[in-house]
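The lines below spell out each chain.
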Amino acid sequence: MGEITLAQALNRAIDEAMADDPGVFCLGEDVAAKQGGGVFKITSGLSEKYGEHRVRATPISETAIVGAAVGAALAGQRPIAEIMLMNFVGVCMDQIVNHAAKLRFMSGGQTNVPLVIRTTTGVGVGFGGQHSDMLEAWFAHVAGLHVVTPSNAADARGLMRSAIECNDPVIFIENILCYGLKSEDPGPGYRVPMGKAAVAREGSDISLITYGRTVLDALAVAGELASEGISVEVIDLRTIAPYDEAAVLASVRKTGLALTLHEAVRPFGTGAELAATIQEKCWDYLKGPVRRVGGTFSPVPFATVLEQAWIPTKAQIIEQIKAALGRS
Amino acid sequence: MGEITLAQALNRAIDEAMADDPGVFCLGEDVAAKQGGGVFKITSGLSEKYGEHRVRATPISETAIVGAAVGAALAGQRPIAEIMLMNFVGVCMDQIVNHAAKLRFMSGGQTNVPLVIRTTTGVGVGFGGQHSDMLEAWFAHVAGLHVVTPSNAADARGLMRSAIECNDPVIFIENILCYGLKSEDPGPGYRVPMGKAAVAREGSDISLITYGRTVLDALAVAGELASEGISVEVIDLRTIAPYDEAAVLASVRKTGLALTLHEAVRPFGTGAELAATIQEKCWDYLKGPVRRVGGTFSPVPFATVLEQAWIPTKAQIIEQIKAALGRS
Amino acid sequence: MSTIDRARLLDIYTRTMKVNRTDEKFRSLLMQGKVAVMYYCVRGQELVSAAAMAALTDDDYVVCTYRGQGEQTAKGIPAELWWAECLGKVTGTCKGKGGTMHITYPAKGIMVTTGVVGSGLPIANGLAMASQNNGDGKVTVVSFGDGAANIGAFHEAMNMAQLYKLPVVFLCQNNRYGEHTAFADHTSSESISARASGYGMRGVLVDGNDVHQVYPAMQEAVDRARAGEGPTLIEAMCYRMMGHFFGADFSYMPPEHLAEMQREDPLPKLRKVMLEHQFSAEELDAVVAGIDAEIDDAVTMALAADLPGAEELAIDVLEGAPA
Amino acid sequence: MSTIDRARLLDIYTRTMKVNRTDEKFRSLLMQGKVAVMYYCVRGQELVSAAAMAALTDDDYVVCTYRGQGEQTAKGIPAELWWAECLGKVTGTCKGKGGTMHITYPAKGIMVTTGVVGSGLPIANGLAMASQNNGDGKVTVVSFGDGAANIGAFHEAMNMAQLYKLPVVFLCQNNRYGEHTAFADHTSSESISARASGYGMRGVLVDGNDVHQVYPAMQEAVDRARAGEGPTLIEAMCYRMMGHFFGADFSYMPPEHLAEMQREDPLPKLRKVMLEHQFSAEELDAVVAGIDAEIDDAVTMALAADLPGAEELAIDVLEGAPA
Ligand SMILES: Cc1ncc(C[n+]2csc(CCOP(=O)(O)OP(=O)(O)O)c2C)c(N)n1
Ligand SMILES: Cc1ncc(C[n+]2csc(CCOP(=O)(O)OP(=O)(O)O)c2C)c(N)n1
Ligand SMILES: [Mg+2]
Ligand SMILES: [Mg+2]
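If you read the protein sequences in the order shown, they are chains A, B, C and D.
Number 470 in the working numbering belongs to position 73 of the first sequence; there are no gaps in the numbering.
Number 424 in the working numbering belongs to position 27 of the second sequence; there are no gaps in the numbering.
Number 429 in the working numbering belongs to position 323 of the third sequence; there are no gaps in the numbering.
Number 187 in the working numbering belongs to position 81 of the fourth sequence; there are no gaps in the numbering.
Below, computed lysine-lysine pairings styled on DSSO-like, alpha-carbon distance capped at 27 angstroms:
#	chain 1	residue 1	chain 2	residue 2
1	B	Lys719	A	Lys678
2	B	Lys719	A	Lys684
3	C	Lys214	C	Lys131
Partial pick of chain B residues on the chain A-facing surface, computed with a CB cut under 7 angstroms:
#	residue
4	Met503
5	Ala673
6	Phe694
Treat the hints as calculated values from the structure; they're not laboratory data.
Where a beta carbon is used, it is the ideal one built from N, C-alpha and C, also for glycine.
With the rest of the complex left out, here is chain A (with noise of 0.2 angstroms):
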């Protein structure tokens, strides 16, 4: 089938879903033809294709794109709302928390809101202290909600399928800098299961627990460090919550050592979560603490020599290893 890149493969999976159910309809701001397809031209395309009125190009109106898509859910549709960029749920948490997240519970099962809210952001990109935080840990701590992110095209051309299917709603997280990924393209009707972490390399030292865009930097740290006779295994969460735990504590009672990264800043991250239960979990195996990557705590700055001090280094990345391993 050939390569394709993570933007191609959201739009794929999205197209696809599209023609197999009229009920799954695109919304956001510039999504459609007239508008160039969306600013990240991830449903480029789609408009020409299926029309304005499943492709809907929307005022600058994050409510209001979100209570509607929690409302078309409600009555049987399966939207895909997007997001700008991820601190923009800033604006429209009410509808996501208060609404898409507790309607099926609060109306004891009578309803329920089968919705993508997909969004993107990323450090790395120059745009500053309000365009690129990564805020799962918030909808991770929200029952109701499921939150995926993908590391590579090929799960996200599986997840977006996923997502789109599930009947609960779905925070589906991009990475700007990830759009230009490729993959072997797993063609169409490829599904990742929701809920279901990958092993993204086998190791036997220290298990690396990660997701989206860091996988990455995992990957390639495990790397270097199979040369120095370090063997990482690295684990890419790909759902994010409710996340693989089973997955998670195999993997760590296999290596003894567990650490966790995310580019999401440190203090009461997610990373926080998997280190609570792992040291629950996996007292007996461990042989010593969990430790945890994050990004720096401030707001992410402008000039690219300090966004990029702000990012976890791969450099910090070994440094935790090799200090697990008493090897520092």
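Assemble chains B, C and D with the ligands onto chain A, guided by the hints.
Relative to chain A, chains B, C and D with the ligands alone:
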């Protein structure tokens, strides 16, 4: 001085701050005399004393409320904004997180936002799914914010004064069920420093780390278990973020065991950060894994019987403590 | 003056009195301490809800608020299910998990009851968008208060609805207070309906205590929506004759305002209309007696019903059985 | 037609050309690859910003957006500080931590530059509220786009400003596009200024390419605000002659629209006005030459300036030295 309730304590602290500093003012829904002094009466009597300009009853416009508070704070005033119930931060997270928390940093220190956002919540009042959440973990995950919550009237009085004097934004979380709690009045001018935990009860077998309403449960449990020969140290964080890590670690190094406790749902809650940090920094002192108790991972249900089952119970706390001590 | 046929008038009267008797019953149970739950009284607003719901079919969608008893009852949620939900019983519409502020009953089109001010409007757009996409001909009505017209969600929803010409009716029940704050102290314009023109939308202001104003306005808005002519904002002026919720402070209400609301009470006015239309006092009383009997039965059943079991906490959070 | 005195005209011309030459310089640096940062071009909107800022004192407050170069330059941020910030240097207004989307310079009243659409309006209210509380006589101007008028924050801020009669001016630069979406595809009303009446507010629509419309409207709004007569919404019609940001797709622009914006270019129009007011071409060119020299110096300094050190990450997060 006699006793005061927690609600009175807040009222007096605000009153004193307004008397001392003409830049302190309140804004929020129903807060003035014409509206009966607020739904929970925390601002009762203040507009009569300081005028409607300094106790502004607002429209139901949380974004405009917090935004106005941010702007006034930038201009050097010290606004105290009320968000009637914590869930409503869903409509104004942008102002809190993208603006209040970041403007000092993004301006390179040229501006700052001395703002207090008061809000209340609580499980057990029968308010149901959209009025009961405890979302402190969201704020704790954001650089540039302080997050505080009092567990007793004296602390409420002292923390509120410190929060108002703080030169950065403070999320001040109240618990509806605690408004009636009484303390000896610590009197005018009393301050509880930000960022300092309290040892609410000394003990030697396990550290029970909590904050807000569950401090009462923790103390009750500690009292009960004392009769069984189990000595529980209760740490009341008071400031949830940035929290008093030194106090937490000192306690755990002494007892060798830790249990975290909060009403907020357990997954990805503040207890995760505490547990992750404790196991990392107290590894050699720990006799067993850090355990966590938190709210059930579901929306808060309406029926009293379910709501009570949702809340972390004393029985659960006791069970975890005994399990930690190998006495289950 | 519009003419409403007698059958429709009786329908509206019946719905109105169902709403009113349910409200009275709830307050009496609360007063006697037989139940202890949050309840947002609808005394004074019964007619608006009843006349509005009378303009809809069973399949049409409704989104309402914590103060939604009127829409819920008038749209036809079976009383026993409604009461059981309000009393937190497993036999309730939502198995006791939603409660008074979150009644849902899709079988009669009650899709969402929200406790967050203004949040229903964007969701109503979505329901209407689904209907527009599907071509199922349904209309969505969203009810909200005057206070809700000042939150961002109102604005975003109005603009989007008009832009897409969605089949939705925005029904603002302007009871002149948002919690403890009077209209003039929270809204800078003279009316909410005046805002419609800022969205290129049709705006209609009606006296919510006059059936001859509410029902025709609603009917026209629904017809237009169904015909693809887009949304309407209807502002129905009314009074909230009780505190914000049962037991809430009411002392801030100016005496003139209290007197005014007594004068404008929609129930005697509606009764007068009914009598003018040759319904006899006996007939009308019999309607109410029938309603009371039905409510009494429903309350008895609800009081006797089972509580939900703790296992319900793990159910309906996400699809599928809990792990 | 209003009369603007010659001194003021020259002032506005100078500010306009500062904005324009800064924009040209930025684009040329980007084009040559000498810098690589996000930059939101203001070509076509220079006059609106310049005339608006000319109506303010140094102490008045301004809140603007990512597309705020016009306000920032015209309000008087020293060029070397501005450029250094945009280039991420420690000598910048914000030590390189804010960047192009978050320029702040309280010394000239630039209090917030926000990257979140619409979020500046509520903050502007707060600045104005402080002035009202203090009695310091300052006026706050908040600039935003047509697209921003559809987000909830706009609505909430308009209502609150009018309710409290805050000394604030809402300046909507309607460049007919919100990112890639044309006005009629995002807004259901004919104009943004038409929404003012829904808040009981004064609304004014002006041709943003005509100095004789922008400046007097702005001056009047500022005077009224300062006199305690409350807020004004000014909608200045203009064009965004470039892509949303430098390098962004521009292909979606209809050719007629492109032709229209060329015809309406504010710069030749302003030059014509200046010539009509007996400024010579030489005088005007000298002004520009002076500006160019200043900008060149500033850019040279900024390019040579130091980068911030990594320790800056821990500074300015909260007050006080990092632990
Ligand atoms: C976003 C939000 N802010 C505040 C509240 C608290 N609150 C509940 S009802 C209410 C008043 C609403 O007034 P209105 O819209 O006029 O409706 P009414 O209660 O009069 O029917 C308020 C402020 C809320 N539920 N949601
Ligand atoms: C809340 C929010 N949603 C979306 C965006 C992404 N975005 C940035 S600028 C922009 C267009 C804004 O258009 P307009 O208000 O007309 O201002 P202009 O760019 O034309 O000056 C959008 C959608 C944002 N920054 N904030
Ligand atoms: Mg009302
Ligand atoms: Mg624009």
